Amino acid sequence: MSDHDHTGEHEHGHGGYDVDPSHHHPPQPDLEDTPFSRHQLMQMAVTGLLIEKGIFSADEIRAQIEHMDTIGPARGAELVARAWVDDGFRTRLVADSKSAAAELGMDIGPIPILVMENTPDTHNLVVCTLCSCYPRFLLGIPPDWYKSRSYRSRAVREPREVLAEFGTEIGPDVTIRVHDSTADMRYLVLPMRPAGTQGIGEEALAKLVTRDALIGVTLPRMT
Amino acid sequence: MSERRHHDMGGLDAGRVDRDGHDKAPWEKRVDALMVLLGKRKILSVDELRRGIEELGADAYDRYGYYERWMASMTNILLEKRIIEVSELGARMAELESGARTESP
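First to last, the protein sequences are chains W and X. Read left to right, the first sequence gives residues 1472 to 1694 (the working numbering). Read left to right, the second sequence gives residues 3 to 107 (the working numbering).
Please keep in mind that the hints were generated in silico from the structure rather than gathered at the bench. All figures in this text were calculated on a predicted structure; none of them were measured in a lab. Ideal Cβ placement from N, Cα and C applies to all residues, glycine included. Possibly wrong hints are sitting among the right ones.
As the list claims (entries may be wrong) - Okay, derived cross-link-like pairs now, PhoX-like style, lysine-lysine, Cα gap no bigger than 20 Å in a straight line:
| id | chain 1 | residue 1 | chain 2 | residue 2 |
| --- | --- | --- | --- | --- |
| 1 | W | Lys1678 | X | Lys42 |
| 2 | X | Lys83 | W | Lys1524 |
| 3 | X | Lys31 | X | Lys83 |
| 4 | X | Lys42 | W | Lys1524 |
What the hints assert, rightly or not - If you want the footprint, here are the derived chain W segments under chain X, 3+ residues with CB under 8 Å:
| id | segment |
| --- | --- |
| 5 | 1515-1521 |
| 6 | 1564-1578 |
| 7 | 1661-1669 |
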């Protein structure tokens, strides 16, 4: 596949296709007369050809998009809230997240997810340095920053500095363990239950658990 | 010791983490769905997707957006496996680009 030439142009960020017309683009003569980028055309063409070949139907594509839209961090938060109110569940979740999630009628998908429990001595942080592996079945599609060069490069070397950029201060006496995800092994952080949440119900607790807390870049707080 | 490849960036220097995200564009969601369905059909595995992304080369890797890398990798592997042919892909892209054909789903 041929590519437009613009060596030396490295202004591009990482978060996906840029739709802002004011953003400077290198000249792409083959794209000037079409509203679609080369990769969008590729997506349309490949999808159409695969439908014609009977590999899947247009309805299956639509259904999959709708399904993915329903999966978000609320699933991970539900597991954490249950673990906070039920010690037995917490133990089972850490030991085997697949069967623990199944107790709540949740499918964590085909790839094992290890639940890493924060303690007063240890804070856990999740990254995928090589690509963007992420517990999608519990958190949905990863945020742009998780896939960025800066997070992937720095999380393993200077996690405290990275956490500070998220407004998270971890005391110097607390060990930070960084978990590098792979295609075959994903991680979810089980944060500590925040102080001052005694007597709060499971559903309300789940609302305190954000996506970022489940990745380990922030801590749940009483709001 | 082998040389570090361009996607292997753990521990390197880099700038601040930009926490701003963007909502996924419809075409990006389609790329995502395409990958999931191809995975379910055992036509393309996550490892193959990643191998394809790593083979795009350092320049394309940095220049392409996230789902652009996915799309380029998936297309290359589908061509490699002869599930689609270069000629039909080229013809279809040209039709879509000229407006002679509109998108199916």
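Is the listed coverage of the segment 1515-1521 of chain W by chain X valid when you require three or more residues with a beta carbon under 8 Å from a beta carbon of that chain?
n = 7 at 8 Å, threshold three: holds.
Hey, X/Lys83 versus W/Lys1524, does the alpha-carbon distance stay inside 20 Å?
14 Å, holds
Holds or violated: X/Lys31 to X/Lys83, with C-alpha atoms at most 20 Å apart:
24 Å, violated
For the segment 1564-1578 of chain W, does the count of residues with a C-beta closer than 8 Å to a C-beta of chain X reach 3?
violated (count 0)
Restraint check for W/Lys1678 with X/Lys42, where alpha carbons must lie at most 20 Å apart:
32 Å, violated
Hinted pair X/Lys42 and W/Lys1524, Cα distance within 20 Å:
With Cα atoms ~16 Å apart, X/Lys42 and W/Lys1524 stay inside 20 Å; holds.
Verify the coverage statement for the segment 1661-1669 of chain W against chain X, using a C-beta to C-beta distance below 8 Å and requiring 3 or more qualifying residues.
It is violated: at least three residues are needed, and the segment 1661-1669 of chain W offers just 0 whose Cβ sits closer than 8 Å to chain X.
Of the hints listed earlier, those the structure fails to meet are numbers 1, 3, 6 and 7, in rising order.
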